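Participant: Count along the sequence shown from 1, add 365, and you get the number used in my numbering.
Think of the hints as simulated: they come from the structure by calculation, not from any bench. Some hints could be false.
[Stated by the list, open to error] Using 30 angstroms as the maximum straight-line C-alpha spacing, the simulated DSBU-like pairs for lysine-lysine come out as follows: (1) 526 x 513; (2) 513 x 530; (3) 460 x 513.
Computed from a predicted model, the values in this text were never measured in an experiment.
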Amino acid sequence: MAFVDRVADLFDEQHIPFALIGAEALAVRGVPRSSYDVDLLTVDARVLSNELWEPIRTLTNIEIRRGDLDDPLKGVVKIRPPKEKSIDVVVGRWKWQQRVIERAEPMPSEERMLPTVTTTDLILLKLDAGGPQDAWDVTSLLAVAPEKVIAEVEERLADLKSDAKDLWQRIRRGA
Numbered sequence: 366m367a368f369v370d371r372v373a374d375l376f377d378e379q380h381i382p383f384a385l386i387g388a389e390a391l392a393v394r395g396v397p398r399s400s401y402d403v404d405l406l407t408v409d410a411r412v413l414s415n416e417l418w419e420p421i422r423t424l425t426n427i428e429i430r431r432g433d434l435d436d437p438l439k440g441v442v443k444i445r446p447p448k449e450k451s452i453d454v455v456v457g458r459w460k461w462q463q464r465v466i467e468r469a470e471p472m473p474s475e476e477r478m479l480p481t482v483t484t485t486d487l488i489l490l491k492l493d494a495g496g497p498q499d500a501w502d503v504t505s506l507l508a509v510a511p512e513k514v515i516a517e518v519e520e521r522l523a524d525l526k527s528d529a530k531d532l533w534q535r536i537r538r539g540a
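All chains should be built: construct the whole structure from the sequences, respecting the hints.
Facilitator: Below is the structure:
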């Protein structure tokens with residue numbers, strides 16, 4: 366069993382909503398990109414407690430990093446299983462991120478279905494992150510996404526900070 370499936374099973378057992386994001390989600394949505402890790406998103410702060418990880422702690426290295434009050438994230442949990450891709454559990458703090466998770470669609474993983482963010486929501490997450498790679502990812506997603514995705518992004522853009530909105534406008538202008 367892939368370790369990401371173990372983490373997903375643990376989240377399911379604890380009723381922790383989550384979704385696949387990052388390069389793996391990009392690949393599912395038609396934009397293959399290499400990465401050394403698998404990224405999961407949740408807004409459930411229980412993942413930042415040591416107790417949650419006890420069932421798998423003996424199998425892997427787990428590092429919990431809590432965000433400060435002014436940090437855009439509640440925290441990140443870094444999971445480093447031997448001989449497998451690392452897993453980063455990103456803990457968001459905003460209601461719009463919760464809605465992203467709620468809209469996730471089940472997609473096949475190695476041994477189970479993993480909730481995976483929609484193309485629209487992946488674009489929103491990338492705009493929120495705002496880096497050069499994120500901008501490239503958005504441009505690549507738009508190249509393969511149906512036309513309705515642009516309208517959906519435009520509808521949901523109000524939830525994001527102004528930097529993300531500015532990045533969207535630059536990408537749409539082709540700048």
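Participant: All hints are to be evaluated individually against the structure, with a verdict given for each.
Facilitator: We went through each hint and held it up to the structure:
1. Between residue 526 and residue 513 the alpha-carbon distance is near 22 angstroms, which keeps this suggested pair within the 30 angstroms criterion.
2. With a C-alpha separation of about 18 angstroms, the suggested pair residue 513 and residue 530 falls inside the 30 angstroms cut-off, and the hint holds.
3. Between the alpha carbons of residue 460 and residue 513 the distance comes to roughly 23 angstroms, so the proposed pair stays at or under 30 angstroms and holds.
Every hint from the earlier list agrees with this structure, and none is contradicted.
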